[in-house]
Structures are given as structure tokens and as C-alpha cells.
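K.L.:
Spelled out from the first residue to the last, the chains are:
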Amino acid sequence: MSNNLRMVIVLTVTAMLSGLVLSYAHDMANTYIQRNEEAKLRLVILDVLPGAEDYEVLASKTQPEIPEDDVTLSEAPPTQQHIPVYRGLDKNGEEVGLAFIVENPGYGGLIRLIAGIDTRKDTLTQIQILEHKETPGLGSKIADAPFREQFAGKSITDPFVVGQDVDGISGATVSSKAVADGLRTTIQEVMKRYGKRG
Amino acid sequence: MVNLVKDFWNGVWDENTIFKLQIGMCPTLAVSTSAQNGLAMGLATTFVLVCSSALVSLVRKLVPNEVRIPVYVVIIATFVTVVDLFLKAAFPDIHAVLGIFIPLIVVNCVILARAEAFAGKMPVHRSAADALGFGIGFMIALVTLGSIREILGMGTWFGMRVMPAGYVPWSIMVLPPGAFITLGFVVAAVNLISRRSTATSRSS
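Here the protein sequences line up with chains X and L, keeping their order. So the first sequence is numbered by the working numbering: it starts at 1 and just counts up by one. So the second sequence is numbered by the working numbering: it starts at 199 and just counts up by one.
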């Protein structure tokens, strides 16, 4: 009995101490990890918005900007309600375009990508896949140049339907559709909120 | 003192994880694509190995025999998570390359093997010397493999160009087959050296 009790106590104390150490380490590291991620995000944003020297955050995951009178929000799928949107600015502080994050479930998990809109021409500048868990060799091709580059220069009013104006990847219909559908719904949502008003 | 040196040298050469015992091969083959990755992985593993061996040795009399393995694993996993967070915070690029292999240090059999075979029975200073030896031995192996593969496969060493400009890199060396090919040659060389040295020590 006393031996059993001792085992329980030793295991409990070990687990508690481990938890304590880990939560402390996590707190310490978290600020730096977030700073790294912001720096990385900055690079991608400036990359998808040619001509941009700087950007301002219109909405992010932590600070979703929800227009007060926007009751149509509920039309967007739940994952799309907080779309991080960034406005790219050139040297003179003029808007060159909008960059935004698209999240849509693919075949193996959530696909996260960033897309840029040239707001003067109303065309997509380019898209970059940030994260995906698609099948290697099939769905993973959404991150490859041939698939991604077909979106560059597309008008934002295009239908974004695989088989019509988007070439899908054979063997990866779900992944291709996830990218096209995500882009379509998110572009509509972003333009509704931040497109040229009036 | 002699004991400590012996404990240390045991892991570096006599029972080198990769060259002699040939365990812990999974991270070895996967991350030894460049000298820098090998060094980072080696350092991370050495840190975990030394910390967990020392701590296991410290608590060895408090932990009941029946639950020693879960306790060891929790200790090892804690240190691995700390390393993982540290790399993510301080060296995000290295963390992105090593990725899944950092959390997998938890199940690197060398670490549990040293805790179970040595640290669980020996005093702290000897356990630390033993763990340091095994860690450094592992690191030397990874840096050796990484250097050979990087020099032949990319023409660089720690990112610096070492091969002449006209050198055409053998890309196979940085791909998975290159890991097996390089390991085969390096193990053969190590066996040759140790056979020679036992032969000379016997004849003298």
C-alpha cells in the first residue's frame, strides 16, 4: 500500500513540476515566437503586393474589424469571419493593394494562403500557400508554381471555379477546389468590406 | 577523475551511438543534409541528454522502480519541449528545417537508454560525463555526415562555398539515398580505424 502511494505521489509530483517548467518556458518563448512570425508575415505581405513599401493592418486574427452595421457577416462561413487583411502602401503612403489570408479546409486539413489584390486594376497579384496538409505529390502541388501562377493577373470578378477558369490538379480535385472556393468567397468578403467605397 | 574521462570517452568513441551501436538512425539519416543541421540537431540532443541524465541520476533513489520509465520519459519530454520552444524563439530558420525531428528527440532511444542503463544507477557527475560523451559522439557523427553530404551535394560547408566554381554538385548526396551511402562509407572507415588501433595495441 505504502509503495502504491509512493508511486502515485512520485508520478504526480513529476507531472506537476514538468507542467510548471513548461508553462514558464512557454511564456518566455512566446513573445519571441510571435515576433518571428510577424517578421515572416511582413516579408510575405510585401512579396504579394509588388510596389508596397509598408503595410497597415486592417484586421487580424486577434483584432477582427467588424463593421458595426454589417449584418451580412453571418453569410460567410465561420472560418472566414475573421479575415486578416493588410493594406499595402507605397512610398507616398498611397494604397497599392490589399493582402489577405484565406483559410479553407482542403483534403488533409486547413489550407492557409495569402493573396494580394491590386486595387487599382482589380486583379489578383499572386497567391502563396502558407500552410497545408495535403497529400504529398498530389494535393501538395497547390503550393507549386504552375498551379499558383495561374491566379496572377486574374480579375477579381472572375468566377474562380475549377474546370471553368481555374485549371485543377489531376488527382487533387478537392485541394484545387478548396483553393479556388476559398479565394472566391474571401475576395468577395474582403471587397465588400474594404473595396473602394463610393 | 580517470573514471570520468573513461565514462566520457566511452560515448564519444568506444560505444559511439551512430558508428558503433548504430541506434538513433532515424534523425541521423534525415537531418544530416548539411553540416549546420547536423550541428544543431547534435547540440539539441546533447543538451537533452545531459540534462535528463543528470536529473534522472539525482532522483534515482526517490523514484520507485515500477514507475521509473514514465518518470524518465516525462523528464526527457520536458527538456525536449524546452529545446523546441527555445529553437522556435531564437533560431526559427533552423527550427523550420529540423521541424518534426526536434519533438522526436523524446523517442531517440539513446536518451532513454542512457537514463536506464547508466544514469539510473550512477552518481550525478558520472552520469553527466557519460551523457556528455554520448551527446558529443552523436554530434560528431551528425556533423561528419552532414559535412560530407553538404560538400559533395551542394559544394558548400556551413553555407560557405568550398568547392571550385565549376564543380557540379552530386544532388543525390543531399537526398535520402545519400544518407545511406555516406553512412556506409563512414562506418567502414571507422571500423577500419578501430581495427587498426586494436591490432597495434595487441602487438605492442
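Among the clues, some could well be false.
Listed below are the simulated SDA-like cross-link pairs for lysine to any residue, each with C-alpha atoms no more than 20 Å apart in a straight line [as the list claims (entries may be wrong)]: (1) L:K286 to X:L11; (2) L:K286 to X:N3; (3) L:K218 to L:V388; (4) X:K40 to L:K218; (5) L:K286 to X:Q34; (6) L:K259 to X:S2; (7) L:K259 to X:K177; (8) X:K154 to X:T123; (9) X:K177 to X:E103; (10) L:K286 to X:V21; (11) L:K286 to X:R42; (12) L:K286 to X:K177; (13) L:K286 to X:T31; (14) L:K319 to L:A387; (15) X:K40 to L:D291; (16) L:K286 to X:M28; (17) L:K259 to X:N3; (18) X:K133 to X:S170.
If you're looking for bench data, these hints aren't it; they were derived computationally from the structure. The structure displayed is predicted, hence computed values, not measured ones.
K.L.:
With reference to the structure, classify each hint as holding or not holding.
P.N.:
Each hint, compared with the structure:
Taking the CA atoms of K286 of chain L and L11 of chain X, the gap is about 29 Å. The hint is violated against a cut of 20 Å. Of the pairs offered as hints, the one joining K286 of chain L and N3 of chain X is violated, with about 41 Å between alpha carbons and a cut-off of 20 Å exceeded. Annotation: proposed proximity of K218 of chain L to V388 of chain L holds, straight-line Cα distance about 8 Å (limit 20 Å). Between K40 of chain X and K218 of chain L the CA atoms are separated by roughly 42 Å; this puts the pair beyond 20 Å, and the hint is violated.
Distance restraint check for K286 of chain L and Q34 of chain X: the Cα-Cα separation of roughly 10 Å lies within the 20 Å cut-off, and the hinted pair is therefore satisfied. A threshold of 20 Å between alpha carbons decides the hint, and for K259 of chain L with S2 of chain X the separation of about 16 Å falls inside it, so the pair holds. With a C-alpha separation of about 60 Å, the suggested pairing of K259 of chain L with K177 of chain X is violated against the 20 Å cut-off. Of the supplied pair hints, the one linking K154 of chain X and T123 of chain X holds, its CA atoms being roughly 5 Å apart against a limit of 20 Å.
Note on K177 of chain X and E103 of chain X: the hinted pairing holds, with a Cα-Cα distance of about 13 Å set against a maximum of 20 Å. Distance check on the hinted pair: K286 of chain L and V21 of chain X sit about 17 Å apart at the alpha-carbon level, within 20 Å; holds. Restraint check for K286 of chain L and R42 of chain X: satisfied, since their Cα atoms lie roughly 18 Å apart, inside the 20 Å limit. Restraint check for K286 of chain L and K177 of chain X: not satisfied, since their Cα atoms lie roughly 33 Å apart, outside the 20 Å limit.
This hinted pair checks out: K286 of chain L and T31 of chain X have alpha carbons roughly 11 Å apart, not beyond 20 Å. In summary, the hint linking K319 of chain L to A387 of chain L is not supported, as the alpha carbons are separated by about 34 Å, beyond the 20 Å threshold. About 11 Å separates the Cα atoms of K40 of chain X and D291 of chain L, which keeps this hinted pair within 20 Å; it holds. Straight-line distance between C-alpha atoms of K286 of chain L and M28 of chain X comes to about 12 Å, which keeps the hinted pair within the 20 Å bound.
Of the supplied pair hints, the one linking K259 of chain L and N3 of chain X holds, its CA atoms being roughly 14 Å apart against a limit of 20 Å. For the proposed pair K133 of chain X and S170 of chain X, the alpha carbon gap of about 17 Å is at most 20 Å, so the pair holds.
Against the hints set out earlier in the document, violations occur for numbers 1, 2, 4, 7, 12, 14.
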